[in-house]
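Number of protein chains: 2
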Amino acid sequence: MFDNFLQVVAHCDKYPYGTANDGSVPIVLNGRVIGNVLPNVRNPLIDYNDNCQKPPFRITHQIEFQPWVDSFDKRTQVVKELMDTWRADGMQSLKGWRNELYPVYGVSGEPDFVMERAATPLFGISTFGVHVNGYTGDKLWVARRSKSKQTWPGLLDNIVAGGISYQYSTQETVVKECDEEASIPSSIAGRAKNAGIVSYYTVTEFGLQPETQYVFDLPIPEDFTPTPKDGEVDEFYLMDMEEVKKTILNNEWKPNCALVTIDFMVRHGILTADNEPDFIDIVSRLHRRLEFPNPRKV
Amino acid sequence: MFDNFLQVVAHCDKYPYGTANDGSVPIVLNGRVIGNVLPNVRNPLIDYNDNCQKPPFRITHQIEFQPWVDSFDKRTQVVKELMDTWRADGMQSLKGWRNELYPVYGVSGEPDFVMERAATPLFGISTFGVHVNGYTGDKLWVARRSKSKQTWPGLLDNIVAGGISYQYSTQETVVKECDEEASIPSSIAGRAKNAGIVSYYTVTEFGLQPETQYVFDLPIPEDFTPTPKDGEVDEFYLMDMEEVKKTILNNEWKPNCALVTIDFMVRHGILTADNEPDFIDIVSRLHRRLEFPNPRKV
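For the record, the sequence lines run as chains Z and C. Count the first sequence with our numbering and you get residues 68 to 365, in order. Count the second sequence with our numbering and you get residues 68 to 365, in order.
No wet-lab data here; the hints were simulated from the structure. Some hints here could point you the wrong way.
Treat identical chains as interchangeable: a pair holds within one or across any two.
In silico lysine-lysine, BS3-like type, Cα no more than 27 angstroms apart, as pairs [what the hints assert, rightly or not]: (1) K313 - K141; (2) K81 - K121; (3) K296 - K141; (4) K312 - K260; (5) K162 - K313; (6) K296 - K206; (7) K206 - K260; (8) K206 - K81.
Let the sequences and hints guide you as you build the complete structure.
Set out below in structure tokens:
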């Protein structure tokens with residue numbers, strides 16, 4: 068399906084560099100762009116706002132909160148009411164409602180409000196997660212996503228991945244998700260080492276998704292086999308790297324997980340400057356600079 | 068000297084993102100920008116060109132070769148004559164003449180010409196090198212640059228680094244430089260593993276320097292001590308990571324080598340999302356996307 072790994076990266080990191088020409092308008096808070104809204108969201112947003120007794124948004128060439136929406140709680144509340152309304156109206160992109168709140172970071176590096184995870188692509192909000200590369204010797208543990216998952220059912224995935232709940236550290240999130248998704252005890256999960264980030268800006272049927280994944284490497288002991296627990300995963304395989312490469316090029320992976328695995332292969336000397344023609348373009352695109360605020364507190 | 072590692076990165080990756088407003092004009096070849104020229108170079112270039120019997124350059128809002136300069140050899144020759152003239156005129160930035168030819172890559176990923184290494188900043192040409200992180204256990208080998216080096220004398224440096232000569236692979240370059248700079252035999256140097264790139268766009272007294280360093284990790288056996296050989300290095304130290312961090316923040320390192328070491332600390336879980344507030348900004352800026360062509364052949 069793909070001729071090379073640069074195509075795999077571009078298939079996920081697909082939002083244009085430079086001018087997008089997609090008619091999107093920025094959402095601005097305290098002088099910083101915190102998201103972008105496509106025309107198919109901006110128009111319903113204008114309708115919604117016009118019909119509010121006390122409109123919460125100021126919509127011009129950009130979108131802002133009205134001055135009265137001046138706190139974490141008020142921003143959270145007006146966005147919740149908007150999304151609840153759109154969900155009740157049956158908006159397609161909100162069918163995958165998660166009941167999970169994601170922080171929206173502002174200039175301070177602290178969250179300026181929180182919003183439903185499934186709604187973040189409607190506002191093009193930058194989101195953050197952890198992805199774990201589990202390996203045994205020179206083989207990689209690969210998960211097969213459950214066929215009943217809302218998103219990307221049946222595709223290959225990293226051994227463990229998850230969003231970072233409000234006020235969890237990345238390391239705590241890894242340990243929690245290792246247990247929930249793969250029955251990996253904390254005695255093993257605690258050895259996971261943060262090895263950087265993978266960042267990209269993708270576009271899906273749900274909207275705009277600038278994303279940053281904290282990547283962790285986790286050595287899995289030879290005598291341990293991860294097993295599904297919470298139903299997110301159907302099966303785990305221990306793949307040699309040739310099979311990993313083949314399945315990635317064959318488009319069998321969830322797109323962003325393929326990027327995390329390509330980053331793993333770069334950091335571990337499997338893809339190198341001497342064997343991968345697009346090495347520089349691949350490595351720089353795996354670390355796209357996103358202009359949105361991000362978490363700055365530790 | 069620096070409050071944090073993001074400042075260290077920004078001290079090297081200092082060319083503006085977005086519009087530069089420095090009066091620079093692009094050098095264009097086959098429709099791609101291959102470099103940039105600052106006003107203090109453009110003006111002497113116009114003078115030089117006007118005084119040529121057969122001017123080699125076409126200088127407008129951009130700089131191109133004249134149509135008659137239509138081959139690798141001709142481009143190489145006209146740039147050589149220009150730089151020889153400027154060197155004979157005593158141009159300050161060419162005092163550090165190296166007698167070393169660097170490839171200038173074009174749209175094909177093959178070199179479109181070669182030019183003197185010391186002259187590349189005058190044209191803002193993208194250059195490529197290898198940097199090696201030598202480590203023993205959890206300590207890092209650090210070089211002290213010779214006090215007689217033309218550039219950055221006496222500062223701290225990676226154990227081994229060097230430019231990639233025309234038609235050498237990165238791995239061959241590592242083995243050659245390991246021998247020349249640190250007396251590391253190929254039996255050890257051959258274990259160096261490519262672990263990605265560090266890319267940045269710096270500005271120095273010499274001009275504009277968009278650079279990409281292929282980074283390698285090299286485990287050094289406990290019973291081996293690197294020793295200087297070609298006079299580039301005065302001493303090697305085995306530093307614990309606290310001392311590495313301290314000396315970086317204290318501005319004791321050659322700027323780009325500090326970036327390679329920060330990347331090492333990120334990949335090895337020493338700087339993490341949980342202990343480094345600027346983690347995302349640091350990691351993305353260590354992999355700046357440069358718009359210039361780069362080597363695409365393997």
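Structure-based check of all given hints:
Taking the shortest Cα distances, K313 and K141 never come within 27 angstroms of each other, neither inside one copy (49 angstroms) nor across copies (43 angstroms). In the homo-oligomer, the alpha carbons of K81 and K121 never lie at most 27 angstroms apart, since the shortest distance is 37 angstroms inside one protomer and 46 angstroms across protomers. Taking the closest pair of Cα atoms, K296 and K141 never come within 27 angstroms of each other, the shortest separation being 37 angstroms inside a single copy and 66 angstroms across copies. For the identical chains of this complex, K312 and K260 are neighbours both inside a copy (23 angstroms) and across copies (19 angstroms), given an alpha-carbon limit of 27 angstroms.
In this homomeric assembly, K162 and K313 never come within 27 angstroms of each other (Cα to Cα): the closest approach is 33 angstroms inside a single copy and 51 angstroms across copies. For the identical chains of this complex, K296 and K206 are intra-copy neighbours only, at 22 angstroms inside a copy versus 39 angstroms across copies, given an alpha-carbon limit of 27 angstroms. Taking the closest pair of Cα atoms, K206 and K260 come within 27 angstroms of each other both inside a single copy (17 angstroms) and across two copies (17 angstroms). In this assembly of identical chains, the alpha carbons of K206 and K81 never lie at most 27 angstroms apart, being 29 angstroms within a copy and 40 angstroms across copies at closest.
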